[in-house]
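A.B. asks: Given the coordinates of chain A, work out where chain B should sit on it, guided by the hints.
Line by line, the protein sequences give chains A and B. Under the UniProt record's numbering, the residue at position 139 of the first sequence is numbered 139, and the numbers go up by one with no gaps. Under the UniProt record's numbering, the residue at position 118 of the second sequence is numbered 118, and the numbers go up by one with no gaps.
It is possible that part of the hints are untrue.
Covered stretches of chain B (in silico footprint by chain A; criterion: 3 or more residues with CB under 8 Å from a CB of chain A, positions within the stretch not fixed) [unchecked claim]:
#: 1; stretch: 64-75
#: 2; stretch: 153-159
#: 3; stretch: 337-350
#: 4; stretch: 368-377
Keep in mind the hints are simulated off the structure, nothing from the lab. From the three backbone atoms N, C-alpha and C, an ideal C-beta is built for every residue, glycine too.
Protein chains: 2
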Amino acid sequence: VTVSVLYCVIIMLPKCSPIPLVRKMFSEQRERLAKAMGNPVGEFALYKGGGDVPRNSSDTCFSWRQESYFFHMFGVEIMDCLGAVDLRSGEGIVFIPRLPDEYAVWMGALPTPESVKASSEVEHVYFVDEAAAALKKHGCTALHILDGSNSDSGIKVAAPSLDAFGDFDVKTERLFLVHTQLRVVKTDLECAFFGALNKVASAAHVQVMQQCKSDWHENQLEAAFLSYCMAAAQCKCLAYGGIAASGKGPAILHYVDNNRKMESGDMVLVDFGGELHCFASDITCSFPCNGKFTPTQRTVYEGVLAAHDAVLESLKPGVSWVDMHLLALRTMGRMLRDGLGVIRGDATDEEIEKSGLMAAFQPHGLGHLIGLEVHDVGGYIDGVTPPRGKTPMTSKLRTARTMEENILITVEPGCYFNQVTLEAALRNADQSPLLVEDALRRDEVWNFGGVRIESNVRITGAGCLNYTNVPRKVEDIEAVMAGTKAWPQ
Amino acid sequence: VTVSVLYCVIIMLPKCSPIPLVRKMFSEQRERLAKAMGNPVGEFALYKGGGDVPRNSSDTCFSWRQESYFFHMFGVEIMDCLGAVDLRSGEGIVFIPRLPDEYAVWMGALPTPESVKASSEVEHVYFVDEAAAALKKHGCTALHILDGSNSDSGIKVAAPSLDAFGDFDVKTERLFLVHTQLRVVKTDLECAFFGALNKVASAAHVQVMQQCKSDWHENQLEAAFLSYCMAAAQCKCLAYGGIAASGKGPAILHYVDNNRKMESGDMVLVDFGGELHCFASDITCSFPCNGKFTPTQRTVYEGVLAAHDAVLESLKPGVSWVDMHLLALRTMGRMLRDGLGVIRGDATDEEIEKSGLMAAFQPHGLGHLIGLEVHDVGGYIDGVTPPRGKTPMTSKLRTARTMEENILITVEPGCYFNQVTLEAALRNADQSPLLVEDALRRDEVWNFGGVRIESNVRITGAGCLNYTNVPRKVEDIEAVMAGTKAWPQ
Chain A
1 VTVSVLYCVI IMLPKCSPIP LVRKMFSEQR ERLAKAMGNP VGEFALYKGG
51 GDVPRNSSDT CFSWRQESYF FHMFGVEIMD CLGAVDLRSG EGIVFIPRLP
101 DEYAVWMGAL PTPESVKASS EVEHVYFVDE AAAALKKHGC TALHILDGSN
151 SDSGIKVAAP SLDAFGDFDV KTERLFLVHT QLRVVKTDLE CAFFGALNKV
201 ASAAHVQVMQ QCKSDWHENQ LEAAFLSYCM AAAQCKCLAY GGIAASGKGP
251 AILHYVDNNR KMESGDMVLV DFGGELHCFA SDITCSFPCN GKFTPTQRTV
301 YEGVLAAHDA VLESLKPGVS WVDMHLLALR TMGRMLRDGL GVIRGDATDE
351 EIEKSGLMAA FQPHGLGHLI GLEVHDVGGY IDGVTPPRGK TPMTSKLRTA
401 RTMEENILIT VEPGCYFNQV TLEAALRNAD QSPLLVEDAL RRDEVWNFGG
451 VRIESNVRIT GAGCLNYTNV PRKVEDIEAV MAGTKAWPQ
Chain B
1 VTVSVLYCVI IMLPKCSPIP LVRKMFSEQR ERLAKAMGNP VGEFALYKGG
51 GDVPRNSSDT CFSWRQESYF FHMFGVEIMD CLGAVDLRSG EGIVFIPRLP
101 DEYAVWMGAL PTPESVKASS EVEHVYFVDE AAAALKKHGC TALHILDGSN
151 SDSGIKVAAP SLDAFGDFDV KTERLFLVHT QLRVVKTDLE CAFFGALNKV
201 ASAAHVQVMQ QCKSDWHENQ LEAAFLSYCM AAAQCKCLAY GGIAASGKGP
251 AILHYVDNNR KMESGDMVLV DFGGELHCFA SDITCSFPCN GKFTPTQRTV
301 YEGVLAAHDA VLESLKPGVS WVDMHLLALR TMGRMLRDGL GVIRGDATDE
351 EIEKSGLMAA FQPHGLGHLI GLEVHDVGGY IDGVTPPRGK TPMTSKLRTA
401 RTMEENILIT VEPGCYFNQV TLEAALRNAD QSPLLVEDAL RRDEVWNFGG
451 VRIESNVRIT GAGCLNYTNV PRKVEDIEAV MAGTKAWPQ
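Pulled out of the complex, with its shape left as it was, chain A reads as follows (with noise of 0.2 Å):
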């Protein structure tokens, strides 16, 4: 690959500025869980840390990443650990994995209790071969693991394994039900952590709409936003397979191919988002990657901005995020029979919503609970949250929670002309004489691909708070991507 200019963007890595991790936050959140589990005398949380990967039997291991209840409780991130809480005082313990001298001259100065106790500001911390003794010292006779799946992907929670820990009394009954509730419910320093890492992979993505090129292969957008993350901030990697869709790429969900070349005249959707210390960013921009929307392209645009407005207007404590998901799929069917004329002019609103035929337009869910994960643990807790839907346009929602303070979501409506969906929607008895078949096979529409804005919200006392900062408004997009404004503001 020979460079010349005449064939190179140029994209712009900013200053690096760490974002500082808060030690308070985990001494805050063991206190959080000593409480809501009663301060019991005796009794203690145990929780195993992530170990390595390999990729397949090779000698290679995929990018380490800590386990997020451990890292919740204790914010150490070294592997192969075990760490406990103390369930009367929030006092932790972390047990570090005692490795050979020679260690050190691949992984540098090992860990030693004294190190990660300075570093992790943890009470206690001893070698993973000194966790029983440790424990019985510190006077524990119970202990509690975590015991159940997520609901996200039905994937047991891994428990330590007890072979050292035979004289205590085990508790598998309430863990892992009041630690998930207690992380879908974030502190300040968390938020605020939270918006740090929000407000850097916001700047990834105006980096991202300024340097597009319309003759750009759409690897090129995942390159740009993750060196931005990685620079600014030493995100080590995306928190999630990043998505950068264009032409009729953004009707496929989970597009993560991200190979084609585009084309003048595409929609181009990027969705991304950095991961730093196990937090995770999830933000979505769609755009022409020419930088001028047609007509069509900012009809659906608009349809599903205003669904996101709408949704960040209602959105406070007490309301249920079934009926936010349900607002966005209302609104976007107004423009879609008022703006795009594909659903007939004569649909009432109630009609069009009766009959789920906005689910062929949107198959996923207004958004998710984020935090520690992209898709954060807690959204459907049996005996505690609203039970999952049933209806094709609820069954595929994260959560059916009603809205409280301190929640951190995604609010990320979106409109496709997926091409499988529609066809089924035009087989539907009950959707069929709603649509404007002709209008909905016109090529501008039909091969339109698809929008989604999607922003990282913390519900407040109020309302809400927008921790995303990037241009919304078509005339900002336009703007910022001629480079006449500069953003943010």
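C.D. replies: Positioned in the frame of chain A, the structure of chain B alone reads:
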């Protein structure tokens, strides 16, 4: 993060030029395997492809990677496949998962036997649930499966579940050994692809050197490298945890934190390789972050370069990798004695080698096989290759093979001032008398960090071919970093 021009550096993203994957590569491999197995009638090799790997219990998976033995035979990058090779003819059969139609909304057009056959040029494609019946139809009576462990990681290669294959005779004795040996000696098509990938990775290293500013954080070097490879050739990730180490960091062999702020005067070591279609590249460059070598930096650097060049001049079929390793250590020992003066001037090459002292300066082996993994398989095979050495000087080698034409291997001598290994040498009765402790403990030596120079080469009929094209001479590095010389020339 406010982006201001003052705080920005400019990274040139190249035009995207995807590297074509020639499908004949894989039918050739199947024919090679069939021949090596003796072209038996009715016997098939059965492989298990790679599955998705979740990050702990979350809903997020690591970046998906095909399993390398499977990829080597079929070149298919779809998860959860099985694959079979008819060992009489070398014909391939791939079995793809049968996915629900609704997945098309998330993944786009689902793979079908027809589409996979057309794109992979594998002779036959069925669904996984048809595997046993299809194998019978194709005349299979016996199945060979992989049964062995990776000689670097010790991890057993995954074999397919045999629940559905009860009617076939199962053979575990030969396939692992034969296939592993086959992967060691590359085909021309493999070498061509590897060379093209190295060209991109080399250009990315040149960009890193050219853009490096002496007040960068190390992770900005990683961002610049990765974004170049993603943009230039659609690499999805690095082939391994990349190293960007400055100051004393290069003495830590697996330093992957990459988060330190550099200081003018630091030597920098960057060990990065892009991964594409399972192929790895693995290149290390060492340079002063301010673009100008000090006399001490020049001495050490040129000693390592002399070792690198001496090995490249000697590498050819028939030479022992152990001898190449000893040649590199001997060459660097002379620099430490005659150039840097940290080994006594009257010490002979033989005395230095006999003492094992050089294992303190280079605690790793000279290099490793490379191909579909960064540490490719087949370094040691019981009964086939020379066994692992037992001395501190040779036991870290990842292979002790005699070189053969079309082996791909890294040549990576390094000289490190690692305080753990050097303190041990100073306490070692055989090694300490050879060291000039005062000279060794001088600040500019003791805190030097280290230098590694790593190239990726192919053993040819007459010698070797270096696929890595980066500035190596001190003058060239200084000129490229100063912007007074273009590279490649």
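A.B. asks: Each hint: holds or not?
C.D. replies: For each hint, the structure was consulted:
| no. | hint | result |
| --- | --- | --- |
| 1 | 64-75 | holds (count 3) |
| 2 | 153-159 | holds (count 5) |
| 3 | 337-350 | violated (count 0) |
| 4 | 368-377 | holds (count 3) |
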